[in-house]
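Chemist: The chain contents come next:
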Amino acid sequence: MKNLLELEHVTMQFGGVVAVNDLSMHVDENEIVALIGPNGAGKTTAFNCITGVYEPSNGKISYDGKCIIANHPSGKMAKLYAGKEHEMYLGGKVLAPTPDEITKLGIARTFQNIRLFKSMNVFDNVLTAMHVRAKANLFSSVFRLSWKEEKEMRDATEKLLKEQNLWEMRAEEATSLPYGLQRRLEIARALATRPKLLLLDEPAAGMNPQETQELASFIKEIKERYGLTVLMIEHHMDLVMNISDRIYVLDFGSLIAEGTPEEVQSNQRVIDAYLGVAENV
Amino acid sequence: MEKEKRNNLIMTFIAIALVYLVVFILELTLRPTSIVFTVLRKGAIYSLVAVSMNLLNGFTGLFSLGQAGFMLLGAYTYAILTIPTEVKQSDRVYRYYDAVINFDTGVFVALIAAGLVAAFFAFLIGLPVLRLKSDYLAIATLGFAEIIRAIFQWDVLGPLTNGANLLREFKDLSRITLPFSDIPFPPTLFVFIVAGVCILLVVLLINSSYGRAFKAIRDDEVAAEAMGINLFKHKEMSFVISSFFAGISGALLAMFQYTVQAQQFRTMLTYEILLIVVIGGIGSISGSCIASFLYIALSEWWLRGLDMGTFLGINAPELFRSGFRRLVFSVIIMIIVLFFSKGIMGDKEISFERMKHLFRKKRKAKGADA
Ligand SMILES: Nc1ncnc2c1ncn2[C@@H]1O[C@H](COP(=O)(O)OP(=O)(O)OP(=O)(O)O)[C@@H](O)[C@H]1O
Ligand SMILES: [Mg+2]
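Protein chains in written order, with our numbering: chain A, 818 to 1098; chain B, 53 to 422.
Note that these hints are calculated values from the structure, not bench results. Only a predicted model underlies this, so the values are computations on that prediction, with no experimental measurement involved. Note that beta-carbon positions come from the ideal geometry of N, C-alpha and C, so glycine has one too. One or more of the hints may lead you astray.
What follows is a list of derived Cβ distance ranges for each label pair [claimed, not checked]:
1) A:Leu922 <-> B:Ile68: 41 to 51 Å
2) A:Asn856 <-> B:Arg58: 46 to 56 Å
3) B:Arg406 <-> A:Glu969: 29 to 39 Å
4) B:Asp207 <-> A:Lys893: 40 to 50 Å
5) B:Lys285 <-> A:Val911: 21 to 31 Å
6) B:Asn59 <-> A:Lys819: 52 to 62 Å
7) A:Gly1023 <-> B:Gly398: 27 to 37 Å
8) B:Ile77 <-> A:Gly923: 51 to 61 Å
9) B:Arg406 <-> A:Lys979: 20 to 30 Å
10) B:Phe392 <-> A:Ser957: 33 to 43 Å
According to the in silico footprint, chain B covers these stretches of chain A (three or more CB under 8 Å from chain B) [said to hold, decoys possible]:
11) 909 to 917
12) 922 to 928
13) 932 to 940
14) 945 to 957
Make a model of the complete structure from these sequences and hints.
Modeler: Next comes the structure, spelled out in structure tokens:
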């Protein structure tokens, strides 16, 4: 199986806080991989490093066999640095693409605290995300010379919304939808950028058990339909154990376990740090 | 639904055509010096600047205060290019300097050039400022507008800008002719056509794929970037286009006033336009246009009596004297801002659909009474 995403010794340090410490992990093509861990473990920060929101303090991230992000502690950070594997990338090249460049490569994401376009309706939220793949330049777009492409984008939006059962609500304001549907719309919007790798940050947050179950089959379904690879952060253990091929467990920024759902579930460190707590919640 | 949409579009076009027809008929019938034309011309010019500002503030979420500066660039570019060569060489305009621009162009070329010069300066300002995460654009543009006004009055630039002196005898509204002829073109109609075409372009832009990207940036920068929208590129685009149209409106203002002087493009002008955008509704093109005409009509026409002794037939020279108009005007603005905090239109556009809804609601209300 091909290695689609690979993190090598990624560390993210904010001032003195090491939010992600020497994280190495990989996601193979067509896998569903989960990233779990207690609150504040650094899961969202890891996502933000992969998607270019943050520039990691140290480490290397490759996508589809190519190095896309690389950094090593320099300047003030060289003195402050408190993570591991400090010498590893010293003097190496620095690659710090912006989030839109990452999206263009085929990595799309959703957000833990839903970030839909507030002023737009459901349809326009998805249509707007198609802009990244549009070939029309400003001139042909304004003068409607690219009306064919515009029509294709609208048709694709219609298709996507129908598949996600959101077509009936297309004219409604995105933020007026119930919580579960907003999460689903965010996924639809991410799919509109035509990704190969989809990053989901707590897609089931705020959902009831039935919605969570629907979400599980929904994720599997879009994975098959679009040939996706999925990396997700999630706290709902039944969802994680049900659909993931492999699981990584973070605690205080460091990886404490990895493996299949069965392996992780029986790992004593994971039970102590996280699962034991999660069951009480 | 599609059909209804098309019908609405056709209705909108007919309504706009009617406006132009009315302007044309007015020009054929009324005295050319009538105040109506002042209001219509200035209203149309202000509509264009307000729309250009709205494109940036309302649709892209960038706050710029440079409108006056870009209008100045447009006005000067237009005036300098269209002063006839023989006038430039005589000392009728450039009395203390030798004009360096020794050619003149037609109205159309000069208008486009006015936009391009303003756009070019916006491009330069945007390069460093729009890359920053925080919003320094307001400060940078405000400073730019102040500096450019001073620089244009600077002696050293005299051969280009005529220093602190007036520019005149350029192709103002009284000198517009039909292309390739000497037949005069109706001036108000001309302003309406130029402003109308520009506003149409902005509307087309806003409803295009790029316009949607602008709105995405306004709504949520982080999400927009995650959807693959390059923040810097699209912000720069919006800023440059907005300034292009501000430049053209500056050129129109020069044509309307017959003279140009850097002095008049003060920050007050920018605030005036900002006020119009807010009153019309941030994010509403039709709101900006309606607010422009109302604002100009109020300040230049309807409230005039307040300064002249007689208002609404009441003759009270002690009360209605110079300065009283400003007071009343400010109170009206304050009331509007207080009670319509989202402006006249909010972020919606005026449309037949909405009007139909409004009428239907009223009719229903009446039916319930009966
Ligand atoms: N921009 C930032 N500046 C400083 N500290 C940050 C920043 N972002 C995250 N952190 C810190 O990094 C740590 C990890 O945060 P992160 O949001 O990644 O946790 P998480 O695993 O996603 O938790 P949760 O399950 O609550 O979402 C926290 O201690 C947080 O305070
Ligand atoms: Mg998180």
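Chemist: For each hint given before, does the structure comply? Return the numbers of the non-compliant ones in rising order.
Modeler: none
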